[in-house]
Amino acid sequence: MPVPFDDNPKFAEYAHPERLVSTDWLAARLSSDDPGDLVVVESDEDVLLYDTGHIPGAVKVDWHTDLNDRVVRDYVGPEQFARILGERGITRDTTVVIYGDKSNWWAAYALWVFTLFGHPDVRLLDGGRALWVAEGRELTREVPAPVLVEYPVVERHDASIRALKDDVLAHLGRPLVDVRSPGEYSGELLHMPDYPQEGALRGGHIPGARSVPWARAAAEDGTFKNRAELEAIYLTEQGLAPSDDVVAYCRIGERSSHTWFVLTHLLGFEHVRNYDGSWTEWGNSVGVPIEVGSP
Amino acid sequence: MTPAEAGTPLPEALGTIAEDFTSLSVRDRLTLLLEFSDELPELPERYQGHPELLEQVHECQSPVFLTAEVEGADDAVAPPDRRVRLYFQAPAEAPTTRGFASILHAGLDGLTVHEVLAVPDDAPFRFGLGEAVSPLRLRGMAAMLARIKRQVREAVT
Chain A
32 MPVPFDDNPK
42 FAEYAHPERL
52 VSTDWLAARL
62 SSDDPGDLVV
72 VESDEDVLLY
82 DTGHIPGAVK
92 VDWHTDLNDR
102 VVRDYVGPEQ
112 FARILGERGI
122 TRDTTVVIYG
132 DKSNWWAAYA
142 LWVFTLFGHP
152 DVRLLDGGRA
162 LWVAEGRELT
172 REVPAPVLVE
182 YPVVERHDAS
192 IRALKDDVLA
202 HLGRPLVDVR
212 SPGEYSGELL
222 HMPDYPQEGA
232 LRGGHIPGAR
242 SVPWARAAAE
252 DGTFKNRAEL
262 EAIYLTEQGL
272 APSDDVVAYC
282 RIGERSSHTW
292 FVLTHLLGFE
302 HVRNYDGSWT
312 EWGNSVGVPI
322 EVGSP
Chain B
15 MTPAEAGTPL
25 PEALGTIAED
35 FTSLSVRDRL
45 TLLLEFSDEL
55 PELPERYQGH
65 PELLEQVHEC
75 QSPVFLTAEV
85 EGADDAVAPP
95 DRRVRLYFQA
105 PAEAPTTRGF
115 ASILHAGLDG
125 LTVHEVLAVP
135 DDAPFRFGLG
145 EAVSPLRLRG
155 MAAMLARIKR
165 QVREAVT
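The listed protein sequences correspond, in order, to chains A and B.
Using the working numbering, you'd call the opening residue of the first sequence number 32 and step up by one each time.
Using the working numbering, you'd call the opening residue of the second sequence number 15 and step up by one each time.
Please keep in mind that the hints were generated in silico from the structure rather than gathered at the bench.
All C-beta atoms, glycine included, are put in the ideal place defined by N, C-alpha and C.
Some hints could be false.
The following label-pair restraints were derived from C-beta to C-beta distances [claimed, not checked]:
1) B/59 <-> A/168: 29 to 37 Å
2) B/33 <-> A/232: 38 to 46 Å
3) B/128 <-> A/188: 32 to 40 Å
Sample of chain B residues at the chain A side, in silico, Cβ under 10 Å [to be verified]:
4) 51
5) 126
6) 128
Just chain B, same shape as in the assembly (with noise of 0.2 Å):
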């Protein structure tokens, strides 16, 4: 697996919602980014009331829960290949943590382990909000990125 560096380019769901935030005034990226945090999908049920089968996202300001799922294990997909699905629990009251989970959802769901191992570490500040939200609450979105990384490659190791 080579590295992701700096300068590899986004997926492109994830890469569109770039642009999209990119191309927004200040103000208007903050509206978009509330979008998003009203947008992200519940748990589904089996993970309803079970924080501890999620992983807490500790570099967040607030209790935010995630997971990867790697799809298709048993069958004859061969590992990169195989689809992942992500799910985030983040409460009402972090709006900002809620939003940037949500884009990690719409850009990286249902994407490959291949895709999602070759996005760039850096993504989270390719999309124009350290102006927005100030760079200190965007290590939230990088720790998640990390932590997602981390599941989907143990999960295929």
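So that you can see chain A by itself, here it is in the shape it has in the complex (with noise of 0.2 Å):
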């Protein structure tokens, strides 16, 4: 039977509101009789901040170990992901609702690496595992043992929401959000501030990006603002249509899956994609434009 939506108000005003859980509702599920066929699921930026604790019965999906190829830079095919999903007890029908570190930064990310496979049901929690901490909530470390289930072999979809590079330079001239922050679209800055410089050769943005740092979209508990709000910030102020082809970008593509949801399922954005390759890719190609300088 199907894990019922969340009827937050909050929730109800945004495109989809089905994509969205809040710490209420996702405790309350946990410690209902029957939570149904629910699997959560952390995936953090700290590869290790899992094992310090865990909302009870979580189970870890690692952005870096699990969901890209240990060889190519890409991600896993599908074999793999049918194998990692199965390992964890989900199954195509399941119910799951991703959290994680860093205003779920890396919970976008793996929601939308499981788009890219066509999960049917995948959800986020709202305001993520800090807001679930300062909420005092209960954390455990002790570690679920799912029961193997069959996960089946589905082909990963890139076309509808991730571009390649050859794919952003066809897009030149059509609406492109940079969500770093503002000294990485300058090009002053190589990295985002207080990280570790990644190695880009070439610092700026993507010809034509407009500037809209993915934290814009979040509230100060690292929830998501209401969508008032965000119309607010990418409608009004950047005049971007929901009926707009956009593709948005970053450094590796994390926080431009925070923007991605946010316009694909708050907004209703139909033709958004994440271009992962992001400016660690752009910043090191050879002959593509770039531009640099303030907004």
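Given two chains presented individually in distinct reference frames, assemble the corresponding complex, making use of the accompanying hints.
In structure tokens form, the structure reads like this:
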């Protein structure tokens, strides 16, 4: 039986309210007698954070060691994806709720990768790990031992939500959203403030990209801003329309997954692609056009 | 000072830790790293609340600070034989980084200046952690080691 949606009034305003759950909803669901076919997944920047304590029953999916291919710079293929999910007790019918650190960057990234494989019911925990912790909710170090289930081997469908470098070159002149910090956008910084230099040889942004740092979509407590606030940023201020063909990018595609989620599921944009090659590819590519300077 | 090259053995305590890690399965290496993370000593009182007295490791993806003290500067001990004391601060939200710091603390704290400077620069890659946490994340440990050695070198010259 499908797990019901969270009918939180804040979510009801969004284009796809079924993509979010609140901490209240999740806590109630987990403590109910019959939580249903629900698996909670934690996905963090720090590979050990889950192990220090996580939502009871949650399993870990690491963005790097689980979702990325070990050799090629790409996501895992269908067999590997099926194995990773099957080991975690996730079938194609399971409702997956993902949460993580850093305002859900990696959770949104994992959700986006699950979407590449067309997983039907995948939701984000609004506010992520930080809100769950701030509210003093239960954490445990007990790692669940899910029964191995069969997840089907399904093709990855990149085209509709993922842009590769050539797609971006063909897209120039249409809306691009650069979600990095202003210093990265202007070219002064080659990485996030306080983050390691990850080896981009050129600073700046893709020509024509608008600078809309991802964090503008998040409230102080890490939850998403409400629909009216988001529309004021992306529609009124930036002049984007839900029918626009939009590409979002950052450094390696995690922060732009957050913005992809906002545009697609909260504001109902129909054609948003995440360019996961992002600046670590564009800023190193020979001969591609670059702009520098502030917006 | 001879350069610390690949192939140079690790100091005994650090070498034992490396053996402990590499003898485990990849999954158990993460568990051991968590134990190290849990055991990172607190900063002594004189450093608490004073990040400006410590050096930030900018290569790490979280706010990590460290300092290396060299003991016995005023007595008759020759600089290479003076003892090194290491202090780290890393947030609970960054357990991997805490684990790296804790490994370096357990393996290097109390060694002599000579011994610390002789630690090979590739030491962080000898724990079999590349497979467990990804090589990308190991760069933070290499950066901590480099900053420790630089501080120690500066303290005795």
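For each hint, the structure was consulted:
1. B/59 <-> A/168: 29 to 37 Å: At roughly 32 Å between Cβ atoms, residue 168 of chain A and residue 59 of chain B fall inside 29 to 37 Å, so the hint holds.
2. B/33 <-> A/232: 38 to 46 Å: Roughly 39 Å apart at Cβ, these two residues keep to the hinted range, so it holds.
3. B/128 <-> A/188: 32 to 40 Å: Violated - the Cβ-Cβ distance for residue 128 of chain B and residue 188 of chain A, about 59 Å, lies outside 32 to 40 Å.
4. 51: holds, 6 Å
5. 126: It is violated, given that the least Cβ distance between residue 126 of chain B and chain A is near 30 Å, above 10 Å.
6. 128: Since the shortest Cβ distance to chain A is 30 Å, the answer is violated.
Hints 3, 5 and 6 from the earlier list are contradicted by this structure; the remaining hints agree with it.
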